[in-house]
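Engineer: Chain residues, written in single-letter form:
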Amino acid sequence: MADFGALCLFVALATSGWAVLASYNGWRARLGELVLSAERAVYATWALVFLAVLSLQYCIFTDQFDLEYVASYSNRALPRLYKFTALWGGQAGSLLFWLFILVSYASLIVLTNRRRNRSLMPLVVTTLMVVSTFFLGLVSFMSRPFVRLAFMPEDGNGLNPQLQNPFMAIHPPCLYLGYVGLTLPFAFAIAALATGRLDDTWFRTTRRWTILSWFFLGTGVLLGGWWAYVELGWGGYWAWDPVENASLIPWLTCTAFLHSVMIEERKKMLRVWNLSLVIMSFLLSILGTFITRSGVISSVHSFTKSDIGPVFAAFLGLCTLVSVGLLLYRVPMLQSEHRLDSFVSRESTFLFNNLLLVGAAFAVLWGTLFPILSEAVRGVKITVGPPFFNEVMVPIAFALVTLAGICPVIAWRRASALKLVEKIQVPFWALLGAVAALLLGGVRDVYAIVSFSLATFVIATTVMEFWWGTRSRQRVTGQNAGSAFLSLVDRNKRRYGGFVVHLGFILIVIGVTGSTAFKQESTASLRRGESFSVGRYRMVFEDMVSQEDANREFMGARLAVYDGQSRRGTLVPGQNFYKAGQNPSTEVDIRYTLRDDLYLILTGFDPQEGRATLKAYLNPLVNWIWIGGGVLILGAWFAMLPDIRDRRRDAEAKLREVESRAA
Amino acid sequence: MPPETLRIPRVVRALAFVGACAVLPGVAAAGSGPTPRQQVEERLMCYCGCADLTVRVCTCGTADAIRREIDARLENGETPDQVVAAYVSRHGAQIRSAPSKAGFELLAWITPFAAILLAGSVLVIVVRRWGRRAPAGGTGDSRGGSVPAPFLPEDQKALERVRREMREER
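As you go down the protein sequences, you meet chains A and B in turn. Residue numbering for the first sequence follows the working numbering, starting at 4 and increasing by one per position. Residue numbering for the second sequence follows the working numbering, starting at 1340 and increasing by one per position.
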C-alpha cells in the first residue's frame, strides 16, 4: 500500500505538471482543447493525491511500522481518533494533507467555473497547479511520507502527547483550510493581472472563497488558543508564539481586504491596494509555513522541524517576484475611477481600518522576525516575547475597536460632522455610563476601563444600527417589528452578518481584557485534607487518584471545590504518562462558568511526604472569548449566504458572459 | 432619514463629561500595577526548554527555582532592574522576555508605530490628492488572450433562463 501511495504521488506530480503546461500554453495559443485537458488533469491530480492520503491512513491504521512516518507518529495503543489525526501530526503527512486540501479547492474551482470566467480560468489553473506541483515535489523528493525503514520496529514512537487532544482533530484542518484557501483569490488575482482583465470579475468570483478562508483561518486561530488553554497547562491561551503569530498575520491582512474590497465594489477605488492585499495574504501564508517548518525561529510548536526551509524561502521569493512584477506592470491600468469625496466618510474609516489592520500585521511580523535581525546585525540572540506584543498591540487594538464603533454609523461618500455626532450620541452616553459603572464597581485598571467602555460603545452603535434599520423598514413596508427585522437582515446579509462579526470580535475583546486584567493565581504544596484559595474558591486536597489504559497512565490529585460554604464539585488535575513517550504531559482540570474559570494544575507530587504541589488560576470572563468566536463564526457564515443583490449581480454577470459568447 | 436618538438634558451631559474628564486621570494614577516580584517574573523567560513562556506563567520546576531566587534577591534589597540585570549577565540577553528600550533594540519598539505613522501620513496626502483630482477614466478593460468557447444550444437555454430570472427579480 505504501508503494502504491508513493506511486500515486509521482503520477500526480506528472499530471499536475501537465496541468501547468497545458493551461498556460492553451491560454497563449488560444487552444480551448488544451485548456480542457489541463482542467481534466486537475481532477486526475485530486484523485491521485486522495489515493495517496488513503494509502497513508491505511498504513497508520494497520500499524505498518516499517514505514518511517508510521513508526515516528503512531503506535499500536494509539486511540483511533489520534491514528486519524496522525496524518497531520508529522511534517510529511501534514504537507500531504495540505496538498490534498489545495487540489480539492482547485478541483472545486474548476468544477464551479466550467461555464464562467473562461477568460481567467486557464491562468487560474496554471497558478493553482504551480503551487500544487511545488508541494508535490516536496512530498515526492524531500519530505516523503512513504519512506521505508531498513527494519520493522515492534511498536511506534506514538504521537506527541500534546497532540493527543480532541482539538487536534479540528484545529489543524481549519488552519490548513484557511491558509490554503488564500491561494484561490491569489490565483484569480494573478490571472486578472496576467490577462489584463482587471474589472471586478476576479474579486466578485472569489469573494465568498476569501470569506471562507478568512472564516477557517480565524476558526483555526481560535481553536488553537482553546487547545493551548486546555492542553499546555500554563493558564493562558495565547503566548505570541511565532507559529501562532504566523497564522494571525495573514488573517489580519485578509480582514483588511474584506473591508477595502467594499470600496472597490462601490467606487472602483483601491484596486492596486486590494490586489496587493490578496498577494500579501498568500505570501504571508507561505511565510507562515516557512516559519512553522524551518525551525528558523524557536517555538513551542516545534513538532515538525526539518531542512525544507530553504526550499520554501526560494518558492516564496519566486512567488513574490512574479506577483509584484505583474502588479507593477499593470499599475497604469489600475487607476481609480472615482475620488474620495470627504475625509468624514465611510470610505475614509475603511482606509484607516486598513492602515491599522496592516499595521498590526506588520507589528506582529516585525516582532516575530526581530530576533533574526538582531542576530544578523549584532550577532546577539534576543527574545521578543509576550510583553513586547502586549505593549505594541494594545493601542492598535483600541484604535481598531474605536473604528469598529464609528464605521457603521458614518455615511458613504460624505457625512456631515453634525449627523455623525447625532448618531453617536447614545453610544457615547453608553460609553460614559460604562466608565461610571466600572468605577463604582471598584475597577481601577485603566486598560480594563478603556477596553470595556469602548466595547460598550461598539455594542451600542451596532445594536442601534439594527434598530434604525428595522424602524426604517417598518416605515417603508408597514410590517411589524419582527418581520421588518427579518426582512432587513435577509436583504442585506453581508452588512448585518458583518455587524454580527463585529459583535463577536467585541465579545472576544471583553474576554481577553477580563482574563488578562483580573487574573488571580495561587500556588500551594498540600497534604491530604489541607486547602488553599484563589479568588472566591477554596480547594481541599482529598486524595491522589490513578487510572490506566493501553495508551497511558494518569495520575491526578482530587480536590473538592468550595465557593463560600457551598461545595461546587470536584476537580482532578493530573499528569499523563504515555507508554510510548518519555515525558509526562500536564492534564489541567477546569471549572467553567460565564463569570470565570477555575483552572487547576498539578505541578508535582512527592509520594514520600504525601504532598501535592498545585497551582490555581482564576480566569475571569475567559469563556466570552470562545462565545465571541462562535458569534463571529455565525456572523461570517451569515455574511457568506447570497442575498437578493448578489443574486441579481450574478444573473447580470451570467447574462453578460453568455451574450458576449453569442455575439 | 434622520436617526432617532434619546434626548438627554444638556446639564446632565455637561456634568457627565466634566465628571469623566476629572475622574479618568485619577483612575490612571490609582491603577494598581504588578508587584516587584511579578514585574521581574514578567521580564524573564524561563530557560527550562519545555516552552517559550515567561517565568510568570511557566509551571515547571526551573521556573519555581527562578522565582525563589527572585524573592531572595528582592528581600536582600535589590531593585527589579538589578535582578533582571543579574540574570542577563549570567544567561545572556536572550533571557529577557522583550527587547530593551535602548540602542539597537529600541528599533524593535519604535518601528511598528513609526511605520503606522508614516503610512498614515502618506494616506492623508494621497486622500487629499484624490479629493483635488478629477475622476479618472477607464476600467481595466478586456485585453489579453481569452480562450474563446463555442456558443452551444444549451447556452441559448441558459440565456433565456437568466433573462427570465432577472425579470422575476425585478
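Derived from the structure by calculation, the hints contain no laboratory data. C-beta: ideal position from N, C-alpha, C; glycine also. Heads up, some of the hints might be wrong.
[As the list claims (entries may be wrong)] Simulated restraints, written as ranges between beta carbons of each label pair: (1) B/Leu1457 to A/Gln338: 38 to 48 Å; (2) B/Ala1453 to A/Leu637: 33 to 43 Å; (3) A/Glu378 to B/Thr1401: 16 to 26 Å; (4) A/Gln338 to B/Lys1440: 37 to 47 Å; (5) A/Trp640 to B/Leu1457: 47 to 57 Å.
[As the list claims (entries may be wrong)] Non-contacting residues of chain A with respect to chain B, defined by C-beta distances greater than 12 Å in every case (computed): (6) Gly20; (7) Thr65; (8) Ala80; (9) Asn357; (10) Lys384.
Engineer: I'd like to know which numbered hints this structure contradicts. Please list them from smallest to largest.
Structural biologist: 1, 5, 9 and 10
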